[in-house]
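Undergrad: Dock chain B against the given chain A, drawing on the hints supplied.
Number of protein chains: 2
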Amino acid sequence: MQLDFSYYNPTKIHFGKDSLAKLKDELSDYGDTVMLTYGRNAIKSNGLYDQVISILNKAGKKVVELSGVMPNPTYEKLMEGAKLVRDNDVSLILAVGGGSVIDCAKGISVSAYCEEDPFQKYWVEFQDVANKIVPVASILTMVGTGSEMNGGSVITHDEMKYKAGRVFPVDVYPKFSILNPEYTFTVSQYQMVSGVFDTMSHLMEQYFSDEGVNTSDYLIESLLKSSIANVRVALNDPKDYEARSNIMWNATLALNTLTGLSKTQDWQVHMIEHQLGAYTDCAHGMGLAAVSLPYYRHIYSNGIDKFVRFATEIWGVSPEGKTKDEIALEGLDALEQFTKECGIVTSLEELGATKDMLPKIAESTIILGGGYKKLTTEEVQGILEECF
Amino acid sequence: MQLDFSYYNPTKIHFGKDSLAKLKDELSDYGDTVMLTYGRNAIKSNGLYDQVISILNKAGKKVVELSGVMPNPTYEKLMEGAKLVRDNDVSLILAVGGGSVIDCAKGISVSAYCEEDPFQKYWVEFQDVANKIVPVASILTMVGTGSEMNGGSVITHDEMKYKAGRVFPVDVYPKFSILNPEYTFTVSQYQMVSGVFDTMSHLMEQYFSDEGVNTSDYLIESLLKSSIANVRVALNDPKDYEARSNIMWNATLALNTLTGLSKTQDWQVHMIEHQLGAYTDCAHGMGLAAVSLPYYRHIYSNGIDKFVRFATEIWGVSPEGKTKDEIALEGLDALEQFTKECGIVTSLEELGATKDMLPKIAESTIILGGGYKKLTTEEVQGILEECF
Numbered sequence: 001m002q003l004d005f006s007y008y009n010p011t012k013i014h015f016g017k018d019s020l021a022k023l024k025d026e027l028s029d030y031g032d033t034v035m036l037t038y039g040r041n042a043i044k045s046n047g048l049y050d051q052v053i054s055i056l057n058k059a060g061k062k063v064v065e066l067s068g069v070m071p072n073p074t075y076e077k078l079m080e081g082a083k084l085v086r087d088n089d090v091s092l093i094l095a096v097g098g099g100s101v102i103d104c105a106k107g108i109s110v111s112a113y114c115e116e117d118p119f120q121k122y123w124v125e126f127q128d129v130a131n132k133i134v135p136v137a138s139i140l141t142m143v144g145t146g147s148e149m150n151g152g153s154v155i156t157h158d159e160m161k162y163k164a165g166r167v168f169p170v171d172v173y174p175k176f177s178i179l180n181p182e183y184t185f186t187v188s189q190y191q192m193v194s195g196v197f198d199t200m201s202h203l204m205e206q207y208f209s210d211e212g213v214n215t216s217d218y219l220i221e222s223l224l225k226s227s228i229a230n231v232r233v234a235l236n237d238p239k240d241y242e243a244r245s246n247i248m249w250n251a252t253l254a255l256n257t258l259t260g261l262s263k264t265q266d267w268q269v270h271m272i273e274h275q276l277g278a279y280t281d282c283a284h285g286m287g288l289a290a291v292s293l294p295y296y297r298h299i300y301s302n303g304i305d306k307f308v309r310f311a312t313e314i315w316g317v318s319p320e321g322k323t324k325d326e327i328a329l330e331g332l333d334a335l336e337q338f339t340k341e342c343g344i345v346t347s348l349e350e351l352g353a354t355k356d357m358l359p360k361i362a363e364s365t366i367i368l369g370g371g372y373k374k375l376t377t378e379e380v381q382g383i384l385e386e387c388f
Numbered sequence: 001m002q003l004d005f006s007y008y009n010p011t012k013i014h015f016g017k018d019s020l021a022k023l024k025d026e027l028s029d030y031g032d033t034v035m036l037t038y039g040r041n042a043i044k045s046n047g048l049y050d051q052v053i054s055i056l057n058k059a060g061k062k063v064v065e066l067s068g069v070m071p072n073p074t075y076e077k078l079m080e081g082a083k084l085v086r087d088n089d090v091s092l093i094l095a096v097g098g099g100s101v102i103d104c105a106k107g108i109s110v111s112a113y114c115e116e117d118p119f120q121k122y123w124v125e126f127q128d129v130a131n132k133i134v135p136v137a138s139i140l141t142m143v144g145t146g147s148e149m150n151g152g153s154v155i156t157h158d159e160m161k162y163k164a165g166r167v168f169p170v171d172v173y174p175k176f177s178i179l180n181p182e183y184t185f186t187v188s189q190y191q192m193v194s195g196v197f198d199t200m201s202h203l204m205e206q207y208f209s210d211e212g213v214n215t216s217d218y219l220i221e222s223l224l225k226s227s228i229a230n231v232r233v234a235l236n237d238p239k240d241y242e243a244r245s246n247i248m249w250n251a252t253l254a255l256n257t258l259t260g261l262s263k264t265q266d267w268q269v270h271m272i273e274h275q276l277g278a279y280t281d282c283a284h285g286m287g288l289a290a291v292s293l294p295y296y297r298h299i300y301s302n303g304i305d306k307f308v309r310f311a312t313e314i315w316g317v318s319p320e321g322k323t324k325d326e327i328a329l330e331g332l333d334a335l336e337q338f339t340k341e342c343g344i345v346t347s348l349e350e351l352g353a354t355k356d357m358l359p360k361i362a363e364s365t366i367i368l369g370g371g372y373k374k375l376t377t378e379e380v381q382g383i384l385e386e387c388f
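Taken in order, these protein sequences are the chains called A and B. Per my numbering, the first sequence starts with residue 1, numbered consecutively. Per my numbering, the second sequence starts with residue 1, numbered consecutively.
Same shape as in the complex, but just chain A:
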């Protein structure tokens, strides 16, 4: 641990079977009008919508609704919400759903009272937020992004074919988030494993950077191990409460800024996936899995000791009688085997990409430099070609 850092995460988490009971008390800190923000029909068919509306009514809140937030939330949807907030003087945006809904809520929070073009200002130029911020809170129903306890907001600009992630400061973090693992029982296996891989990818993006010894790396390993062990249980029994709760909490901890402290961090896989997602609308976790394997095989030799540690610590690869390269590659083979075991889709073809998209995806990918190797656009394209 060498780099200086500041750590401050004031999101309040209510976790467990009875966590929704905390909503009433939390609401008393906010004004009269709540904008309920959600996706398509899932929360209506499982009864959560009715429960939340009932609590809001009992608390005497006026409710405005923004529904239909899509998996990769668009700037258009965000602006629809921003207008609703202004028109109704909304005092709390309550996101009920997964990361997309919460990301969208944060985008609305900073955009409602922004007098310039918010997308240009916040997601292209990454400017600071100076205008009024509307408080956000969340009730989580899908697991993976960690958006329930951070400032991240990934928004897709359809017209520009550009999916951009932005980390906002703590004022934009959810004030509170309610996490009930039971809400995730009905999430499909496809979405569950996509979410788990998203969690694991967040962890690996932080892990595969820097030399030296860092408590953050030990923490990351522990969350990777817990993710792997618990998804195996949940694949067998999707209603195993313990497994689903560990999966849920792992996802939150994997991206609440804790595990990346003092590290430069990589995030190149996410940069490539964002553009892949902008062109294909694929499930985020599946896109990450597709890109991860060729990416790590391409760069591992630049951070060989960390990939050896990954192989032995996470996958139990025995180092005896093997070269570092052999150990590292065996670890990546184990990761690939795990994606197959979970039914994670790693073929770009199946995810809706065509080969002619690749140059455009590669060209529009942001190149970072925090990991073990700074890629060129040609290398990005080469990695994408190996995903077919």
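Worth flagging that the hints you see were computed from the coordinates, not collected in a lab. This one's a predicted model, so the numbers in the text were calculated from it and none came from an experiment. You can trust all of the hints, since none of them are fake.
The list cannot tell twin chains apart, which means a pair is met if one copy fits it or any two copies do.
Heads up, simulated DSBU-like pairs for lysine-lysine below, C-alpha to C-alpha not over 30 Å straight-line:
1. K22 / K121
2. K17 / K239
3. K22 / K62
4. K322 / K373
5. K58 / K17
6. K121 / K12
7. K306 / K225
8. K340 / K355
9. K306 / K239
10. K22 / K12
11. K373 / K306
12. K132 / K24
13. K17 / K373
14. K132 / K161
15. K374 / K17
16. K17 / K306
17. K61 / K44
18. K340 / K374
TA: Leaving out everything else, chain B in the frame of chain A:
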């Protein structure tokens, strides 16, 4: 992970070589008068006192001083500080030192405006805090207690021969804590290993409870491993910045409530040590080490699977061809060997206890029930007898 929990930790951490530079900005959130609270001469001889005074002066603060806070801070010292706070209308208590100084500052924070007997009310009857709370902040110079990011406050009532710990709610947590690993370079080896064992004991108190699979247990294992690996480096080179910084951050994370979430937790070792400390004034971490080994050997069979996991995961004990008992006990032997390797004192005689104290220590020990076995007073005495 089965138990519901709420998690909310709004302490802001500034960590690293240049972290003291953050003090000036933080001070702007508070009123005119700061009470600088510290121990004996350490911060004067290493120059930190002058640096802090200079920043306070430049920020235009009036400074009141409470010095001489002792290793096991007394109620008498706390009341001296409480009077200073009232008499000077102090708006921020800035603790510069280790856990004792910060614990004392929190005690002062809740006691200054308490109209009853604060010790009776808060540390004996564990009542809620209804009176005004004075904000606390810290600059950490000794590592181990985790007091820099939690609500814990352990106070010793000399007259009553009673050392009592209390966890206050988030309003009493330090508003910000500044952690510079370089401040710990001059801490003696004795104090360093005592602090590391304190960290490890916090982790083990949380770990050795419950059945089942819990992300918190994985997190605990990661911090135990990091503690063991890094103290070995620091024993060899006390000025290894990386090792000292990992040791420092491990201590904070081990007791900022994160790693115990969803667990019942044990804390019986701390209860015994508190009374041992009340009678001997021994270094907290050394007292914990002395009690831990006979305690865990006494109770391990009631939580055998967890002790097996401890042996294999933390100490690399090979399970092949061994019974669970053999594996578990081999893990505890490894823990004992580690205490010897670090020069940790585990003999009660060396820590200043005499055999005639034991019945009184045992009788006054609070018995909890969160771990694998609820002790009787006779068992506590038996454990203490084995520490000679």
